[in-house]
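Visitor: Here is what each chain is made of, one letter per residue.
Number of protein chains: 2
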Amino acid sequence: MKIGLFDLAEYVKIAGAFHGEETPELVIGGFMVETALAHLPEGGTYDVLCETTAGIPDAVQLLTPCTLGNGRLKIVDLGRCAVTVFEPHRGMGIRVYLNTEKLTAWPEIHTWYFDRGKGWEQGKKQLFAAIEAAAVSIFGVHPVRVKEDPAAKRFRGNIAVCPSCREGYPVADGPLCLACQGYSPYGE
Amino acid sequence: MKIGLFDLAEYVKIAGAFHGEETPELVIGGFMVETALAHLPEGGTYDVLCETTAGIPDAVQLLTPCTLGNGRLKIVDLGRCAVTVFEPHRGMGIRVYLNTEKLTAWPEIHTWYFDRGKGWEQGKKQLFAAIEAAAVSIFGVHPVRVKEDPAAKRFRGNIAVCPSCREGYPVADGPLCLACQGYSPYGE
Chain A
4 MKIGLFDLAE
14 YVKIAGAFHG
24 EETPELVIGG
34 FMVETALAHL
44 PEGGTYDVLC
54 ETTAGIPDAV
64 QLLTPCTLGN
74 GRLKIVDLGR
84 CAVTVFEPHR
94 GMGIRVYLNT
104 EKLTAWPEIH
114 TWYFDRGKGW
124 EQGKKQLFAA
134 IEAAAVSIFG
144 VHPVRVKEDP
154 AAKRFRGNIA
164 VCPSCREGYP
174 VADGPLCLAC
184 QGYSPYGE
Chain B
4 MKIGLFDLAE
14 YVKIAGAFHG
24 EETPELVIGG
34 FMVETALAHL
44 PEGGTYDVLC
54 ETTAGIPDAV
64 QLLTPCTLGN
74 GRLKIVDLGR
84 CAVTVFEPHR
94 GMGIRVYLNT
104 EKLTAWPEIH
114 TWYFDRGKGW
124 EQGKKQLFAA
134 IEAAAVSIFG
144 VHPVRVKEDP
154 AAKRFRGNIA
164 VCPSCREGYP
174 VADGPLCLAC
184 QGYSPYGE
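If you're matching them up, the sequences are chains A and B in order. The opening residue of the first sequence carries number 4 in my numbering; numbering runs sequentially from there. The opening residue of the second sequence carries number 4 in my numbering; numbering runs sequentially from there.
Derived by calculation from the structure, the hints in this document are not laboratory data.
Note that the list lumps identical chains together, so a pair holds whenever it fits in one copy or between two copies.
DSS-like, lysine-lysine: derived pairs with alpha carbons at most 30 Å apart:
1. K16 with K77
2. K105 with K77
3. K16 with K5
From a predicted model like this one, the values you see are computed outputs, not experimental measurements.
Extracted from the complex, chain A is given alone in its bound form:
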């Protein structure tokens, strides 16, 4: 099976280099993206929604034009192992998720998934072999409509200089920048 333009082994290597480690999530995420795209008209313009921050977003960023920094990869962190590829105007898309009922046939994957990777480094070879063999058979696929995200649609408009920190910030955030309103991530 091809993942994007790559053979699976090639993909795992490239994705592992980007992600810092070759992980099961990268492989599953790659298969998920492929599955969703196979259910959508070729040549369309699609955005992606990930329901987890773990691993899968890196697969999406490598295999699609959707990245964190260009705003086309959306994260709604429900902690579910699922990816939706959708048409951004009407929100219609295909959701691919890990079908937990199908995992009973794959003890390595079952243990890795439900025990949050306990001991997976020891059985890494077997686990990857199982994921590769299971491929898309452990997924569910269904059409969805992504609701509009009011936060994402908020146009923050022009930039002004914050009178407190003197840095630029989106005018729409108020008379001070969010950091000076108390949301600074920095401490003493």
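For this one, chain A is given, so just place chain B on it according to the hints.
Guide: Only chain B this time, still in chain A's reference frame:
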């Protein structure tokens, strides 16, 4: 000036391919990462915090081992043009930000930044030349301590099957998965 292992032109091409477009934020983000790293001991292990989602996270993901999917790139979306590279245990790091007072010397950058890119496509060549010439001279640099993020530290523990949707979800999220608790991003 080198950006990571790349010459600037090479970097812009690679970053543009990943991001989908060669944008000013990618160049500024690249310079910012370089600046922060130059102020930190070589060979350290660092995480990154971005204060914006626009463009700069993609520069970080290409130039550092910190990605969205491996959890080492944190976003605190204050809409400020700033990057902090920090040591993850104690949070000590270097913050690099766009110093708006220094932009008066660079009218192309000033207009692009404060008018949120109005007409930048027309003056793209001049704008990129200005950014390249200004390089790190338009930044401020200061040491910071990143406060602990309670959300990021939350260990979601093992996975259970949600009794409503039958998908796997982090047990720590409650008796149902967050989607079935009402946080689903999907509609009719």
